[in-house]
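**Q** Assemble the whole structure, with the sequences as input and the hints as a guide.
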Amino acid sequence: MTAQLAFDQYHQAVYSFAYRLTQREDIAEDITQECFLALIRAPHRFDPARASMKVFLFAIARNLALKHYRDERPGDPLEESRDIAVRDPSQTLEISSAVAAAVAQLAELQQEALILFEYEGMTLEEIAQIVGADVGTVKSRLHRARERLRRSLVEYRKAGNTHAPR
Amino acid sequence: MHPDERDELTEQELDALLPGWKTPAAPARLRTSLFGAAETKWWRMSIRIPVPVAALLLVLLAVAMWHWMKPEIEHDNGGELQPVTELRPRIIRSASVQN
Numbered sequence: 001m002t003a004q005l006a007f008d009q010y011h012q013a014v015y016s017f018a019y020r021l022t023q024r025e026d027i028a029e030d031i032t033q034e035c036f037l038a039l040i041r042a043p044h045r046f047d048p049a050r051a052s053m054k055v056f057l058f059a060i061a062r063n064l065a066l067k068h069y070r071d072e073r074p075g076d077p078l079e080e081s082r083d084i085a086v087r088d089p090s091q092t093l094e095i096s097s098a099v100a101a102a103v104a105q106l107a108e109l110q111q112e113a114l115i116l117f118e119y120e121g122m123t124l125e126e127i128a129q130i131v132g133a134d135v136g137t138v139k140s141r142l143h144r145a146r147e148r149l150r151r152s153l154v155e156y157r158k159a160g161n162t163h164a165p166r
Numbered sequence: 001m002h003p004d005e006r007d008e009l010t011e012q013e014l015d016a017l018l019p020g021w022k023t024p025a026a027p028a029r030l031r032t033s034l035f036g037a038a039e040t041k042w043w044r045m046s047i048r049i050p051v052p053v054a055a056l057l058l059v060l061l062a063v064a065m066w067h068w069m070k071p072e073i074e075h076d077n078g079g080e081l082q083p084v085t086e087l088r089p090r091i092i093r094s095a096s097v098q099n
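Protein sequence lines, in the order shown, are assigned to chains A and B.
By our numbering, the letter at position 165 of the first sequence is numbered 165, and the numbering carries on one by one without gaps.
By our numbering, the letter at position 19 of the second sequence is numbered 19, and the numbering carries on one by one without gaps.
Since the hints were derived computationally from the structure, they do not count as laboratory data.
Careful: at least some of the hints might be erroneous.
[What the hints assert, rightly or not] In silico lysine to any residue, SDA-like type, Cα no more than 20 Å apart, as pairs: (1) A:Lys139 <-> B:Asp15; (2) B:Lys22 <-> A:Phe117; (3) A:Lys139 <-> A:Arg151; (4) B:Lys22 <-> A:Gly121; (5) B:Lys22 <-> A:Gln23; (6) A:Lys54 <-> A:Gly121; (7) B:Lys22 <-> A:His11; (8) A:Lys67 <-> A:Arg24; (9) A:Lys54 <-> A:Asp30; (10) A:Lys54 <-> A:Glu125; (11) B:Lys22 <-> A:Thr22; (12) A:Lys67 <-> A:Ala104; (13) B:Lys22 <-> A:Glu29; (14) B:Lys22 <-> A:Ala100; (15) A:Lys54 <-> B:Thr23; (16) A:Lys139 <-> A:Leu109; (17) A:Lys54 <-> A:Met1; (18) A:Lys54 <-> B:Arg31; (19) A:Lys139 <-> B:Gln12; (20) B:Lys22 <-> A:Ala101; (21) A:Lys67 <-> A:Asp26; (22) B:Lys22 <-> A:Ala13; (23) A:Lys54 <-> A:Leu37; (24) B:Lys22 <-> A:Ser97; (25) B:Lys22 <-> A:Tyr119; (26) A:Lys54 <-> B:Leu30; (27) A:Lys67 <-> A:Gln105; (28) A:Lys54 <-> A:Leu5; (29) A:Lys67 <-> A:Glu29; (30) A:Lys67 <-> A:Gln129; (31) B:Lys22 <-> A:Glu120; (32) A:Lys139 <-> A:Gly121.
**A** The structure is reproduced here in structure tokens:
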């Protein structure tokens, strides 16, 4: 697969993933660009026997996002969730912003597991390859992430009920 | 307990909420910045030449132009020296000289 074909197929997914991790359009754009530049400059680094192109690109994007996270918050552990901000009940966020804010409160490693599973449709095995952990660890992170979101988004129950169940 | 009184969402309620988080579309300039060179029209292409090579080319061009532009000296005989075919010496004597 050429770099251009990979770009056509995956650039939106890589950008969305980077955007959800960083919640910044400019950083997501930089990460997506760096990700495909890495493929253009060193295509031999992609080994189809080891992982799919999607997994390869997401692993690069994930490392770049983590680097950004460490640059932004030096010393902040990746596995600890941040405190849930107490919201004024009268100040109801839109669903999109509310979910984004709730996910941002998760530990970085829980965030990436949740985003890859829920939004990018990755399997647990693929996520394990991307984050370099075993499937059990990914499953546990995903479970903790969802558990926390179930509590932090409770005030949006009714709004959620307006969506058609999947 | 009434479902709305629980202090956390059910799995189904969370599944219904999560798709509500939308992301913007990737900017179109990404493609240009990555593959712009490959898609550039031929009349917009450029080449890089090292300064010494460019200077040498300029000098060669100037020499070629000078050779091409310089006026040529016209010779009736093609520019070659020829032996004198007819020699008629004419002696002019001075009026004060006595023979």
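**Q** Next step is simple, just say for each hint if it's right about the structure.
**A** How the hints compare with the structure:
1. Only pairs whose Cα atoms come within 20 Å are accepted, and Lys139 (chain A) paired with Asp15 (chain B) is accepted, the gap being roughly 17 Å.
2. About 15 Å separates the Cα atoms of Lys22 (chain B) and Phe117 (chain A), which keeps this hinted pair within 20 Å; it holds.
3. Our distance criterion of 20 Å between C-alpha atoms is met by Lys139 (chain A) and Arg151 (chain A), whose separation comes to about 19 Å.
4. Under the criterion of a C-alpha separation no larger than 20 Å, the hint pairing Lys22 (chain B) with Gly121 (chain A) is consistent with the structure, at around 15 Å.
5. Our distance criterion of 20 Å between C-alpha atoms is met by Lys22 (chain B) and Gln23 (chain A), whose separation comes to about 11 Å.
6. For the proposed pair Lys54 (chain A) and Gly121 (chain A), the alpha carbon gap of about 11 Å is at most 20 Å, so the pair holds.
7. At most 20 Å may separate the alpha-carbon atoms for a hinted pair to count; Lys22 (chain B) and His11 (chain A) meet this at roughly 16 Å.
8. Taken as a hint, the Lys67 (chain A) and Arg24 (chain A) pair is honoured in the structure, with Cα atoms around 14 Å apart against an allowance of 20 Å.
9. At roughly 18 Å between alpha-carbon atoms, Lys54 (chain A) and Asp30 (chain A) fall within 20 Å of each other, so this suggested pair holds.
10. Straight-line distance between C-alpha atoms of Lys54 (chain A) and Glu125 (chain A) comes to about 13 Å, which keeps the hinted pair within the 20 Å bound.
11. About 14 Å separates the Cα atoms of Lys22 (chain B) and Thr22 (chain A), which keeps this hinted pair within 20 Å; it holds.
12. Of the pairs offered as hints, the one joining Lys67 (chain A) and Ala104 (chain A) holds, with about 16 Å between alpha carbons and a cut-off of 20 Å not exceeded.
13. Straight-line distance between C-alpha atoms of Lys22 (chain B) and Glu29 (chain A) comes to about 16 Å, which keeps the hinted pair within the 20 Å bound.
14. Restraint check: the Cα-Cα separation between Lys22 (chain B) and Ala100 (chain A) comes to about 9 Å, which is no more than 20 Å; the hinted pair holds.
15. The straight-line distance between the Cα atoms of Lys54 (chain A) and Thr23 (chain B) is roughly 19 Å, inside the 20 Å bound, and the hint therefore holds.
16. The straight-line distance between the Cα atoms of Lys139 (chain A) and Leu109 (chain A) is roughly 11 Å, inside the 20 Å bound, and the hint therefore holds.
17. Between Lys54 (chain A) and Met1 (chain A) the alpha-carbon distance is near 11 Å, which keeps this suggested pair within the 20 Å criterion.
18. The hinted pair formed by Lys54 (chain A) and Arg31 (chain B) meets the criterion: a straight-line CA distance of about 18 Å does not exceed 20 Å.
19. Restraint check: the Cα-Cα separation between Lys139 (chain A) and Gln12 (chain B) comes to about 18 Å, which is no more than 20 Å; the hinted pair holds.
20. Between the alpha carbons of Lys22 (chain B) and Ala101 (chain A) the distance comes to roughly 12 Å, so the proposed pair stays at or under 20 Å and holds.
21. Pair hint Lys67 (chain A) plus Asp26 (chain A) holds up; C-alpha atoms about 15 Å apart against a cutoff of 20 Å.
22. Proposed proximity of Lys22 (chain B) and Ala13 (chain A) is supported: the alpha carbons are some 12 Å apart, at most 20 Å.
23. Annotation: proposed proximity of Lys54 (chain A) to Leu37 (chain A) holds, straight-line Cα distance about 15 Å (limit 20 Å).
24. A C-alpha spacing of about 9 Å is found between Lys22 (chain B) and Ser97 (chain A), which places the hinted pair at or below 20 Å, so the restraint holds.
25. For the suggested pair Lys22 (chain B) and Tyr119 (chain A), the alpha carbons sit about 10 Å apart, so the restraint of at most 20 Å is met.
26. With a C-alpha separation of about 18 Å, the suggested pair Lys54 (chain A) and Leu30 (chain B) falls inside the 20 Å cut-off, and the hint holds.
27. Under the criterion of a C-alpha separation no larger than 20 Å, the hint pairing Lys67 (chain A) with Gln105 (chain A) is consistent with the structure, at around 18 Å.
28. For a cut-off of 20 Å, the pair hint linking Lys54 (chain A) to Leu5 (chain A) stands: about 12 Å separates their Cα positions.
29. Only pairs whose Cα atoms come within 20 Å are accepted, and Lys67 (chain A) paired with Glu29 (chain A) is accepted, the gap being roughly 15 Å.
30. Taking the CA atoms of Lys67 (chain A) and Gln129 (chain A), the gap is near 18 Å; set against the 20 Å cutoff, the hint holds.
31. With a C-alpha separation of about 12 Å, the suggested pairing of Lys22 (chain B) with Glu120 (chain A) holds against the 20 Å cut-off.
32. About 14 Å separates the Cα atoms of Lys139 (chain A) and Gly121 (chain A), which keeps this hinted pair within 20 Å; it holds.
Against the hints set out earlier in the document, no violation occurs for any number.
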